[in-house]
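Novice: This is what each chain is made of:
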Amino acid sequence: MQRFSAFSIIRRGLTGNESWRPQWRRASPKASYDAIIVGGGGHGLGAAYYLAKEHGLTNIAVIEKGWIGGGNTGRNTTIIRSNYLFDESAALYDHSVKLWEDLSQVLNYNVMFSPRGVMMLAHNVHDIQVLKRHVHANRCNGVDNEWLSAEQAKEFCPPLNISPDIRYPVLGAALQRRGGTARHDAVAWGYARAADALGVDIIENCEVTGFQKDAHGAIEAVQTTRGLIRTKKVGVSAAGNTSVVLGLAGVSLPLESFPLQALVSEPIKPAFPCVVMSNTIHAYISQSDKGELVIGAGTDAYTSYTQRGGLHINTHTLDAICELFPMFRRMQMLRNWGGIVDVTPDRSPIIAKTPVPGLYVNCGWGTGGFKATPGSANVFAWTIARDEPHPINAPFTIERFRDGFLIDEAAAAAVAH
Amino acid sequence: MLLIQCPYCGPRPELEFAYGGQAHIARPLKPADLNDDEWAAFLYMRVNTKGVHAERWRHARGCNRFFNALRDTTTDHFLAVYKTGEARPALNTAGGHS
Ligand SMILES: Cc1cc2nc3c(=O)[nH]c(=O)nc-3n(C[C@H](O)[C@H](O)[C@H](O)COP(=O)(O)OP(=O)(O)OC[C@H]3O[C@@H](n4cnc5c(N)ncnc54)[C@H](O)[C@@H]3O)c2cc1C
Ligand SMILES: [Zn+2]
Numbered sequence: 001m002q003r004f005s006a007f008s009i010i011r012r013g014l015t016g017n018e019s020w021r022p023q024w025r026r027a028s029p030k031a032s033y034d035a036i037i038v039g040g041g042g043h044g045l046g047a048a049y050y051l052a053k054e055h056g057l058t059n060i061a062v063i064e065k066g067w068i069g070g071g072n073t074g075r076n077t078t079i080i081r082s083n084y085l086f087d088e089s090a091a092l093y094d095h096s097v098k099l100w101e102d103l104s105q106v107l108n109y110n111v112m113f114s115p116r117g118v119m120m121l122a123h124n125v126h127d128i129q130v131l132k133r134h135v136h137a138n139r140c141n142g143v144d145n146e147w148l149s150a151e152q153a154k155e156f157c158p159p160l161n162i163s164p165d166i167r168y169p170v171l172g173a174a175l176q177r178r179g180g181t182a183r184h185d186a187v188a189w190g191y192a193r194a195a196d197a198l199g200v201d202i203i204e205n206c207e208v209t210g211f212q213k214d215a216h217g218a219i220e221a222v223q224t225t226r227g228l229i230r231t232k233k234v235g236v237s238a239a240g241n242t243s244v245v246l247g248l249a250g251v252s253l254p255l256e257s258f259p260l261q262a263l264v265s266e267p268i269k270p271a272f273p274c275v276v277m278s279n280t281i282h283a284y285i286s287q288s289d290k291g292e293l294v295i296g297a298g299t300d301a302y303t304s305y306t307q308r309g310g311l312h313i314n315t316h317t318l319d320a321i322c323e324l325f326p327m328f329r330r331m332q333m334l335r336n337w338g339g340i341v342d343v344t345p346d347r348s349p350i351i352a353k354t355p356v357p358g359l360y361v362n363c364g365w366g367t368g369g370f371k372a373t374p375g376s377a378n379v380f381a382w383t384i385a386r387d388e389p390h391p392i393n394a395p396f397t398i399e400r401f402r403d404g405f406l407i408d409e410a411a412a413a414a415v416a417h
Numbered sequence: 418m419l420l421i422q423c424p425y426c427g428p429r430p431e432l433e434f435a436y437g438g439q440a441h442i443a444r445p446l447k448p449a450d451l452n453d454d455e456w457a458a459f460l461y462m463r464v465n466t467k468g469v470h471a472e473r474w475r476h477a478r479g480c481n482r483f484f485n486a487l488r489d490t491t492t493d494h495f496l497a498v499y500k501t502g503e504a505r506p507a508l509n510t511a512g513g514h515s
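Which chain is which? The protein sequence lines are A and B, in order. The opening position of the first sequence corresponds to residue 1 in the numbering used here, with each subsequent residue numbered one higher. The opening position of the second sequence corresponds to residue 418 in the numbering used here, with each subsequent residue numbered one higher.
Just so you know, not all the hints are guaranteed correct.
[As the list claims (entries may be wrong)] Here chain B is said to cover these stretches of chain A; the calculated rule only asks that three of the stretch's residues, wherever they fall, bring their Cβ under 8 Å from a Cβ of chain B:
#, region
1, 22–28
2, 234–246
3, 255–261
4, 310–317
5, 349–358
[Unchecked claim] Using 25 Å as the maximum straight-line C-alpha spacing, the simulated DSS-like pairs for lysine-lysine come out as follows:
#, chain 1, residue 1, chain 2, residue 2
6, A, K154, A, K132
7, A, K353, A, K154
8, A, K30, A, K232
9, B, K467, A, K213
10, A, K232, A, K154
11, B, K467, A, K353
The set of hints was computed from the structure by calculation and includes no laboratory data. C-beta atoms are modelled at their ideal positions from N, C-alpha and C, and glycine is treated no differently.
Take the sequences, apply the hints, and build the full model.
Specialist: Printed below as a string of structure tokens:
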């Protein structure tokens with residue numbers, strides 16, 4: 001692996017930049033592997049990296065039907081935070097935030113993690129009660145979160161309109177200062193490069209189309225569009241397509257796949273210092289380092305696999321953005337797109353073994369799994385390597401829906417982020 | 418925005434409708450006889466089909482009635498609408514995209 005440093009950039013710059021090599025190999029499938037990860041998003045690539053790095057499994061492959069990072073990893077609005085309500089969630093999401101903090105150094109790849117603060121707005125009495133409950137619950141779990149008055153919120157984010165006569169006035173906010181954003185593509189590429197350097201094969205344009213089981217019903221091979229590949233362990237991180245992939249192995253899941261949309265504006269000078277979210281009026285916004293405003297909308301009403309949704313969802317969100325930040329009213333939007341998010345009934349993920357021996361699943365991240373990429377990948381790798389969950393993901397089973405141990409984060413994850 | 422055919426009122430914009438999720442999930446007639454797996458299946462497990470999906474819609478800001486539809490979730494095209502209580506219609510697979 002060619003390491004990146006200021007020195008190497010200057011040196012190669014002075015010699016015409018001709019000595020750079022591709023950052024990972026273009027691998028073709030081998031006949032067999034010790035483990036296979038299905039899905040080359042941040043979660044899958046990260047799991048491969050941690051399998052190789054922390055569990056010594058290097059004869060492994062990531063199989064991606066399109067190109068890596070082309071799923072929700074490359075389509076999300078990159079908000080990172082860990083202020084979820086329940087103990088189980090706090091442990092999982094905060095594990096992730098801690099890994100984000102030095103991920104650039106660990107991967108030797110700038111993932112541009114920017115803990116600029118995530119502020120969630122309250123617009124009515126119910127919001128205030130819910131957000132304050134989160135502040136207290138988070139602090140009991142050692143997760144930073146603080147309550148701000150409307151005036152303090154405006155101080156933290158000057159473009160915010162706190163006038164009392166707007167349709168949904170801002171009554172206060174919860175602020176997690178350790179939250180922020182990161183560069184989505186860089187997360188996929190950084191993990192891919194680091195995993196490749198440890199020997200992991202990253203195989204693009206290869207779709208998993210079936211599973212082959214042995215006499216005891218355990219996984220013995222995966223069928224792909226590039227042939228049969230033998231393996232006894234398969235970890236699936238296929239986001240919106242998880243029901244389809246697990247369906248090939250005869251496993252049904254409590255998931256529904258919905259379109260979720262986002263859009264960006266023309267680039268402007270730095271004008272917006274933090275991340276602002278409002279669950280009540282379905283809007284969230286930040287400014288990328290390129291200068292674009294990155295704006296996320298809510299999910300469409302119906303299940304779909306089209307990776308697009310209705311325009312009225314975006315206009316609804318822009319109504320809210322214009323009301324909250326009047327200075328953006330005359331900005332032009334450049335692009336909008338959709339991703340397909342897999343939503344569970346309790347809005348918490350599943351990171352677990354399945355009823356099929358050798359088959360593991362990491363899914364149900366719905367509208368909010370980018371923030372969890374490093375933490376989820378890390379405990380998923382543990383689960384695959386040891387055939388048992390890490391204590392952090394032990395509660396996030398499929399069986400919780402049968403046993404009644406739901407982890408109901410509907411309030412923390414009510415809208416998309 | 419989808420254009421949805423209400424079987425009672427005709428084509429109307431999606432904004433007039435509420436989505437009701439997977440169709441044909443009948444509430445168990447003898448709830449006490451169900452074991453935990455059967456309850457979980459009834460409450461939470463969903464087919465989440467990539468392809469032709471039978472689903473409920475309600476014309477919430479119109480006649481307010483529920484009905485069922487077949488929609489292809491890879492294109493969002495509606496292939497058929499039918500009334501609650503009617504069986505899922507067979508599709509002529511040779512075409513019929515509306
Ligand atoms: C518009 C939008 C905004 C969002 N905003 C946020 C946010 O601000 N903060 C946040 O935390 N989260 C956000 N999310 C959610 C977040 O993007 C996802 O939870 C997360 O990126 C999921 O990562 P992943 O690696 O599991 O999935 P993906 O990146 O989708 O990767 C799954 C991969 O599996 C591949 N695949 C599927 N089927 C097969 C098959 N049969 N064979 C081989 N490969 C297959 C797909 O091609 C895909 O590349 C947002 C999502 C969207 C769509
Ligand atoms: Zn009607």
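Novice: Now look at each hint and say whether the structure bears it out.
Specialist: Hints and how they fare:
1. 22–28: violated (count 0)
2. 234–246: Coverage by chain B holds for the region 234–246 of chain A (3 residues, Cβ < 8 Å).
3. 255–261: Our answer is that it holds, as 3 residues pass the Cβ test (under 8 Å) against chain B, meeting three.
4. 310–317: Three-residue rule met by the region 310–317 of chain A, so holds; n is 3.
5. 349–358: violated (count 0)
6. K154(A) x K132(A): holds (18 Å)
7. K353(A) x K154(A): Violated: K353(A) and K154(A) sit about 46 Å apart, past 25 Å.
8. K30(A) x K232(A): holds (14 Å)
9. K467(B) x K213(A): Measuring from Cα to Cα gives roughly 23 Å; hence the hint holds.
10. K232(A) x K154(A): violated (55 Å)
11. K467(B) x K353(A): With Cα atoms ~24 Å apart, K467(B) and K353(A) stay inside 25 Å; holds.
Consistency with the previously given hints fails for numbers 1, 5, 7, 10, ordered from lowest to highest.
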